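Engineer: Residue numbers (our numbering), protein chains in the order written: chain A, 370 to 520; chain P, 370 to 520.
These aren't lab readings, by the way, just hints derived from the structure by calculation.
Keep in mind that the hints are not guaranteed to be accurate.
[Unchecked claim] Label-pair distances were calculated between CB atoms; the ranges are: (1) A:GLU431 <-> P:GLU452: 54 to 64 Å; (2) P:GLU429 <-> A:VAL468: 50 to 60 Å; (3) P:CYS415 <-> A:MET370: 34 to 44 Å; (4) P:ARG461 <-> A:ILE466: 42 to 52 Å; (5) A:GLY457 <-> P:TYR434: 48 to 58 Å; (6) P:GLN400 <-> A:ILE466: 35 to 45 Å; (7) A:GLY457 <-> P:LYS512: 26 to 36 Å.
[What the hints assert, rightly or not] On the chain A side, residues computed to face chain P include the following (Cβ under 7 Å): (8) GLU393; (9) LEU394; (10) LYS519.
[Stated by the list, open to error] Capping the alpha-carbon separation at 30 Å, the derived lysine-lysine pairs in DSSO-like fashion look like this: (11) P:LYS463 <-> A:LYS373; (12) A:LYS506 <-> P:LYS475; (13) A:LYS372 <-> A:LYS414; (14) P:LYS463 <-> P:LYS395; (15) P:LYS510 <-> A:LYS506; (16) P:LYS475 <-> P:LYS372; (17) P:LYS506 <-> P:LYS395; (18) A:LYS519 <-> P:LYS414; (19) A:LYS372 <-> P:LYS512; (20) A:LYS373 <-> P:LYS519; (21) P:LYS373 <-> A:LYS395; (22) A:LYS519 <-> P:LYS463; (23) A:LYS475 <-> P:LYS519; (24) A:LYS512 <-> P:LYS510; (25) A:LYS395 <-> P:LYS372; (26) P:LYS510 <-> P:LYS395; (27) P:LYS372 <-> A:LYS506; (28) P:LYS463 <-> P:LYS510; (29) P:LYS425 <-> A:LYS512; (30) P:LYS451 <-> A:LYS512; (31) A:LYS414 <-> A:LYS510; (32) P:LYS425 <-> P:LYS414; (33) P:LYS425 <-> P:LYS475; (34) A:LYS372 <-> P:LYS373; (35) A:LYS506 <-> A:LYS372; (36) A:LYS373 <-> A:LYS463; (37) P:LYS451 <-> P:LYS512; (38) A:LYS451 <-> P:LYS395; (39) A:LYS373 <-> P:LYS395; (40) P:LYS519 <-> A:LYS463.
Source: prediction; values computed, not measured.
A virtual CB, placed ideally from N, CA and C, is assigned to each residue, including glycine.
2 protein chains.
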Amino acid sequence: MFKKILYPTDFSDVSARVMDYIRELKGSGIQTVILLHVIDQRDFKCFEQGVQWVGKLPAEFENEYRKYITDESNRQMGAIAKELTRIGLEVRSKLVIGVPFVEILKAEEEESVSAIILGSHGKSNIREMMLGSVSEKVIRKSKTPVIVIKR
Amino acid sequence: MFKKILYPTDFSDVSARVMDYIRELKGSGIQTVILLHVIDQRDFKCFEQGVQWVGKLPAEFENEYRKYITDESNRQMGAIAKELTRIGLEVRSKLVIGVPFVEILKAEEEESVSAIILGSHGKSNIREMMLGSVSEKVIRKSKTPVIVIKR
Numbered sequence: 370m371f372k373k374i375l376y377p378t379d380f381s382d383v384s385a386r387v388m389d390y391i392r393e394l395k396g397s398g399i400q401t402v403i404l405l406h407v408i409d410q411r412d413f414k415c416f417e418q419g420v421q422w423v424g425k426l427p428a429e430f431e432n433e434y435r436k437y438i439t440d441e442s443n444r445q446m447g448a449i450a451k452e453l454t455r456i457g458l459e460v461r462s463k464l465v466i467g468v469p470f471v472e473i474l475k476a477e478e479e480e481s482v483s484a485i486i487l488g489s490h491g492k493s494n495i496r497e498m499m500l501g502s503v504s505e506k507v508i509r510k511s512k513t514p515v516i517v518i519k520r
Numbered sequence: 370m371f372k373k374i375l376y377p378t379d380f381s382d383v384s385a386r387v388m389d390y391i392r393e394l395k396g397s398g399i400q401t402v403i404l405l406h407v408i409d410q411r412d413f414k415c416f417e418q419g420v421q422w423v424g425k426l427p428a429e430f431e432n433e434y435r436k437y438i439t440d441e442s443n444r445q446m447g448a449i450a451k452e453l454t455r456i457g458l459e460v461r462s463k464l465v466i467g468v469p470f471v472e473i474l475k476a477e478e479e480e481s482v483s484a485i486i487l488g489s490h491g492k493s494n495i496r497e498m499m500l501g502s503v504s505e506k507v508i509r510k511s512k513t514p515v516i517v518i519k520r
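If we strip away everything but chain A, and leave its shape as in the complex, we get:
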């Protein structure tokens, strides 16, 4: 029932606490962790606006920024994957660009996971305050059980 779980991380503190619970759930049969990080595509919009604000053309800097954010995400995912492997779990990492809750639900389906484990509130921002948190949307729409770790 908890054999293959999806762990979407935004690298926030509460997301780090999830690790403690994954460790604990090993007793309930977790074997594989699908580690997912979604780079919010809407952040690129903000970035573009910033570049334009200082009078530059976004196109010149977009690739550079994309490379930076991808490298940084891969670095952080690598550290988490390493720890999960150390405690004896099989890990598959996925890095995608999109809208977080949409990509999480897509991964749930594509990977046929048996549960999702996530932090209740990640990096809080104005967008989340207005639209509801990523976790709330995932809980509402997921098909598998969701284990919600509180901040």
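For this one, chain A is given, so just place chain P on it according to the hints.
Structural biologist: Relative to chain A, chain P alone:
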């Protein structure tokens, strides 16, 4: 981390599925289950209105109704408690009258549970559709992890 869990049940189908997961979580160290059923105090209001509608005085029937609903709840809780005991868990049953999400959060605190396991949507009714589900409110306000089992 999952030693003592709170299992609020409204006796709905999804609540029954929770049992399967509790069984599974035994491997992660569940020892005690606090089994909670909240008789929604607002249902008494509806009952009173019904009695008045047919031209009777609510006071005459209230005790009778209260006894019926309490006996029925105890019977259903008994069956769940028996099954939990059978799989080797210590069970403590609590039957209270109140507002469900408030009583669930109160029990979380009073019993110092380490997690809450519940169904995503219980008996759906108009009240829930308008005010949001019990589980959503519990997830938002609880201090411990919440394991949400989907319908």
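Engineer: Hint by hint, say whether it matches the structure.
Structural biologist: Hints versus structure:
no. : hint                              : result
1   : A:GLU431 <-> P:GLU452: 54 to 64 Å : holds, 58 Å
2   : P:GLU429 <-> A:VAL468: 50 to 60 Å : holds, 58 Å
3   : P:CYS415 <-> A:MET370: 34 to 44 Å : holds, 37 Å
4   : P:ARG461 <-> A:ILE466: 42 to 52 Å : holds, 48 Å
5   : A:GLY457 <-> P:TYR434: 48 to 58 Å : holds, 55 Å
6   : P:GLN400 <-> A:ILE466: 35 to 45 Å : holds, 44 Å
7   : A:GLY457 <-> P:LYS512: 26 to 36 Å : holds, 30 Å
8   : GLU393                            : holds, 4 Å
9   : LEU394                            : holds, 5 Å
10  : LYS519                            : holds, 6 Å
11  : P:LYS463 <-> A:LYS373             : violated, 34 Å
12  : A:LYS506 <-> P:LYS475             : holds, 26 Å
13  : A:LYS372 <-> A:LYS414             : violated, 38 Å
14  : P:LYS463 <-> P:LYS395             : holds, 21 Å
15  : P:LYS510 <-> A:LYS506             : holds, 16 Å
16  : P:LYS475 <-> P:LYS372             : holds, 19 Å
17  : P:LYS506 <-> P:LYS395             : holds, 26 Å
18  : A:LYS519 <-> P:LYS414             : violated, 35 Å
19  : A:LYS372 <-> P:LYS512             : holds, 26 Å
20  : A:LYS373 <-> P:LYS519             : holds, 17 Å
21  : P:LYS373 <-> A:LYS395             : holds, 17 Å
22  : A:LYS519 <-> P:LYS463             : holds, 25 Å
23  : A:LYS475 <-> P:LYS519             : holds, 17 Å
24  : A:LYS512 <-> P:LYS510             : holds, 23 Å
25  : A:LYS395 <-> P:LYS372             : holds, 14 Å
26  : P:LYS510 <-> P:LYS395             : holds, 26 Å
27  : P:LYS372 <-> A:LYS506             : holds, 28 Å
28  : P:LYS463 <-> P:LYS510             : holds, 21 Å
29  : P:LYS425 <-> A:LYS512             : violated, 46 Å
30  : P:LYS451 <-> A:LYS512             : holds, 29 Å
31  : A:LYS414 <-> A:LYS510             : holds, 26 Å
32  : P:LYS425 <-> P:LYS414             : holds, 14 Å
33  : P:LYS425 <-> P:LYS475             : violated, 35 Å
34  : A:LYS372 <-> P:LYS373             : holds, 22 Å
35  : A:LYS506 <-> A:LYS372             : holds, 23 Å
36  : A:LYS373 <-> A:LYS463             : holds, 14 Å
37  : P:LYS451 <-> P:LYS512             : holds, 29 Å
38  : A:LYS451 <-> P:LYS395             : holds, 27 Å
39  : A:LYS373 <-> P:LYS395             : holds, 17 Å
40  : P:LYS519 <-> A:LYS463             : holds, 25 Å
Checked against the numbered hints given earlier, the structure breaks hints 11, 13, 18, 29 and 33 and satisfies all the rest.
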